[in-house]
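Below, each chain spelled out in residue letters.
Number of protein chains: 2
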Amino acid sequence: MNPLELIMHPVEQDLKRYQTLFNDSLCSDNPLLDMALTHLAKRQGKRMRPILVMLAARYAGRVTDKVLHAAVGVEMLHTASLVHDDIVDESDMRRGQASVNALWGAQAAVLVGDYLFSKSMQHCLLSGSLGVMELIAKLGQDLADGELLQLDLTHRDTFSDEPYYQVIDRKTAALFFTSARVGAMLGGNGEDDKAVEEMSHYAHLLGRAFQLRDDIFDFDWQNQSGKPAGNDLREGKLTLPLLYALQQAGTPEDHAMALRVRHGEATDAEIHRMVQLAHEGGGIDYATGQMNRLADEAIARLEPGRAPVEVTDALRAYAHFVVGREL
Amino acid sequence: MNPLELIMHPVEQDLKRYQTLFNDSLCSDNPLLDMALTHLAKRQGKRMRPILVMLAARYAGRVTDKVLHAAVGVEMLHTASLVHDDIVDESDMRRGQASVNALWGAQAAVLVGDYLFSKSMQHCLLSGSLGVMELIAKLGQDLADGELLQLDLTHRDTFSDEPYYQVIDRKTAALFFTSARVGAMLGGNGEDDKAVEEMSHYAHLLGRAFQLRDDIFDFDWQNQSGKPAGNDLREGKLTLPLLYALQQAGTPEDHAMALRVRHGEATDAEIHRMVQLAHEGGGIDYATGQMNRLADEAIARLEPGRAPVEVTDALRAYAHFVVGREL
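Chains as they are written, first to last, in this note's numbering: chain C, 1 to 327; chain S, 1 to 327.
Worth flagging that the hints you see were computed from the coordinates, not collected in a lab.
There could be a bad hint or two in this list.
Taking lysine-lysine pairs in the DSBU-like style, the calculated list, with each CA pair at most 35 Å apart, reads [to be verified]:
no., chain 1, residue 1, chain 2, residue 2
1, C, 66, S, 66
2, C, 138, C, 42
3, C, 66, S, 194
4, C, 66, C, 16
5, C, 194, C, 138
6, S, 138, C, 42
7, S, 46, C, 194
8, C, 42, C, 66
9, C, 46, S, 42
10, C, 42, S, 237
11, S, 42, C, 16
12, C, 66, S, 237
13, C, 66, S, 16
14, C, 138, S, 42
15, C, 138, S, 66
16, S, 42, C, 237
17, C, 194, S, 42
18, C, 46, C, 138
19, S, 46, S, 16
20, C, 46, S, 138
As the structure is a computational prediction, the values presented were derived from the model and not from experiment.
Bound-form chain C, shown alone (with noise of 0.2 Å):
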């Protein structure tokens, strides 16, 4: 089996009875609405998210309805954020496809995320759990919470990890968090059982993983989706690599530079410099260790013998799909 074969392996069926209710959600007697909804419907992304979702049922226990709609209420949240994100971001593209912004305005986009965490409400509130719904909730303040540190770290003038990692908890490792644990808690036997632990632990840490990994991937030269590198510094983001570059091996004139990116007034040149930085300043070797741990951490957390041997092999290579090693 291929990677993705061995994750899914444990939950095809499932997987496939999520699909329904999750396209089965998203359309509208609203023409505007159905529009924009048939629209995000066609493209999904790999589901990562739903899947941990189930997965972590099944390692806590089994994959049930209430299971299923809660899986479609944290894709449900994600998809909802990543409109809104795409007009924060002012990004044309997702997916390879047009932002809902780019289509009908960023006017429509707002209720369009809008409907969807509503919509994303009613889906978990049919898990028939007060505490889910809490995660999901406290999920949806820690998304918006995490965009809008983002924000405010443009107006800083420090380099240091710290605000970094803060960003990352809230804006990626709780949307993984908050998939294992309540599909361990609705899997198992609730929220005390130790799986729920283990699977909250292990997808935090992977959630951290996965963030360092896309923003590693930001200062490849030959950066496979065909963008050049540098997009986040082009949004005046710094991510890990060239924070850790910065302190480690930057000039004065590279921290002056660095502030110019997060101010968004950085000509094409010194965009190219501080990719260049990163890369030579040891930063994407530091972060590539710093994921590479993360992952390793993650795994130590699957207890052996909690689950069929077929839904920790399955975790594990969830793992390793997150950081795109080789199996």
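Guided by the hints, dock chain S onto chain C, whose structure is given.
Frame of chain C, contents of chain S only:
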């Protein structure tokens, strides 16, 4: 007692506890978020909706801590939707203060609204009722759906009442309906209580009346807020007074002009002519009649003897206040 005193009298102590809970929620250790929340805390309106939650709770029983949390949750969801509406309408002002998007940009306003949505969920969860959560999730969906329908209407070329009522039911009446329903559910004996149905009907009718008053107000040449008449028209929104006049007294030229208003292509003189038509074509009188009928129907839902006299009196005064009557 003046009308507002009469309305607040049965819930005066509760309102103080509500206010503490609400204000305590509007702070954050995220600097940008905290600034925006502090700004929002300063511009609180007349608290019509939380007062309705509490009066409905008293109508059905009593105001408990759960009722107070639901009141905070409803008002926070309302605040979130206002922050997002100001992006959609590109409004610089709200309640006499600068809007969040005017002060910190649309990007931050999207995220501040999202944060408030999630905060609202957290408060509603403290009501401990999945039934309440379902109503709140449905409300969030209705609010977004109503605004999207309104955006979509700018592309239509008919002037019937039906889509108008669809929009105001979702964007305004749903908020009143949900406020009263969750209040009565939590304050009384749960969902099957007759008081819950009475309060739900009362509030739905009153919510429609509230929006009608707002829409009529916009045609007032001597608008108290100092804004020129026809503000809605400048945003491409045709409301009941004009829709009625167009149907009853509009010439083909008026119809063509009304479509230019919808498309945002009308001149100031044309806006002026449309305001005039609403008056001369009987639209203002018609809409005022409808509004008064709705308020009277709402009052007729109040069952004598169901609640202490002071509570029924307050709910009657509330209805009069909504339509701007002297008592």
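Unmet hints by their number, sorted upward, for this structure: 7, 9, 11, 12, 13 and 17
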